[in-house]
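Here the protein sequences come in this chain order: A and B. Our numbering runs 42 ahead of the 1-based position in the first sequence. Our numbering runs 42 ahead of the 1-based position in the second sequence.
Read the hints as simulated data drawn from the structure, not as lab findings. Just so we're clear, the structure is a prediction, and the values are computed from it rather than from any experiment. Mixed in with the good hints there might be a few duds.
No distinction is drawn between identical chains; accordingly, a pair holds when it is met within one copy or between any pair of copies.
Claimed, not checked - DMTMM-like cross-link-like pairs, simulated, lysine to aspartate or glutamate; straight-line CA separation at most 20 Å:
id, residue 1, residue 2
1, K90, D80
2, K82, E120
3, K117, E130
4, K111, E130
5, K94, E134
6, K85, E121
7, K117, E54
8, K85, D71
9, K48, E134
10, K139, D80
11, K85, D114
12, K48, D97
13, K111, E121
14, K48, E131
15, K48, D114
16, K76, E130
17, K90, E54
18, K90, E55
19, K111, E131
20, K90, E120
21, K90, E68
2 protein chains.
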Amino acid sequence: MTIGQKIKQLREESGMLQRQLASILEVGDGFLSKVENDSKLLKREHLKTLSKVFDTSYSELEALWIATKVYDLVKDEEEGLNALRVAEEQVEYQRRKNGI
Amino acid sequence: MTIGQKIKQLREESGMLQRQLASILEVGDGFLSKVENDSKLLKREHLKTLSKVFDTSYSELEALWIATKVYDLVKDEEEGLNALRVAEEQVEYQRRKNGI
DNA sequence: TTAGACTTGACTAATATGGGTCAAATATAA
DNA sequence: TTATATTTGACCCATATTAGTCAAGTCTAA
Chain A
43 MTIGQKIKQL REESGMLQRQ LASILEVGDG FLSKVENDSK LLKREHLKTL
93 SKVFDTSYSE LEALWIATKV YDLVKDEEEG LNALRVAEEQ VEYQRRKNGI
Chain B
43 MTIGQKIKQL REESGMLQRQ LASILEVGDG FLSKVENDSK LLKREHLKTL
93 SKVFDTSYSE LEALWIATKV YDLVKDEEEG LNALRVAEEQ VEYQRRKNGI
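With the hints as extra help, turn the sequences into a complete structure.
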């Protein structure tokens, strides 16, 4: 699941049109379409609005949003998957170091 | 292991000074110091030079280099680790979709 | 104690990217 | 068909980041 897919899912489940959601977020509907197709990313602040409008978990949205940024960084990389694993180790190492 | 730690290790193992390696890479030694401490990133092209100079695997360097970029993106994020896992799934999903 | 090795802070120019718009092209459904 | 919904490509601009320098400060060993 990507952040775009999630947004589209939430929107469709609630029977909303792109145009309507776009207007709530105060962006153009062309832009929202791209967001749903993961060719553009929303601003982080928009996630708050989404979590309110669709009454859904903010941190889940946040995780998906960050994941998409990460994915963009590695998607065309041969070493992408290895890099992700190394990064995970780095995060875990830092957490241990700073006492979980 | 970070890319900076790796570079420092390789350099020290080969008995080289920062000043010397910096000159090979054609950067200032202040900059190289920051690179070794992961507060700056080398350009990707520099990895080729490093792999030659230290006769070490290019793709390992590349994986560490990308990992550092990824790590920078998630290090201060509460949802960072979750995001990494989601990103991994996204990569794996895409690979399956495109026939491994 | 002093030279040499290394780190750090302040700064910078060029570049990339983020976050959009708009109109045209396409899909969908009545 | 025709109306509505969505996608896509081309473009834009302000801001953030990159990749770096330089000089001052700190560490370390002899």
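_Which numbered hints fail_ = 2, 5, 7, 16
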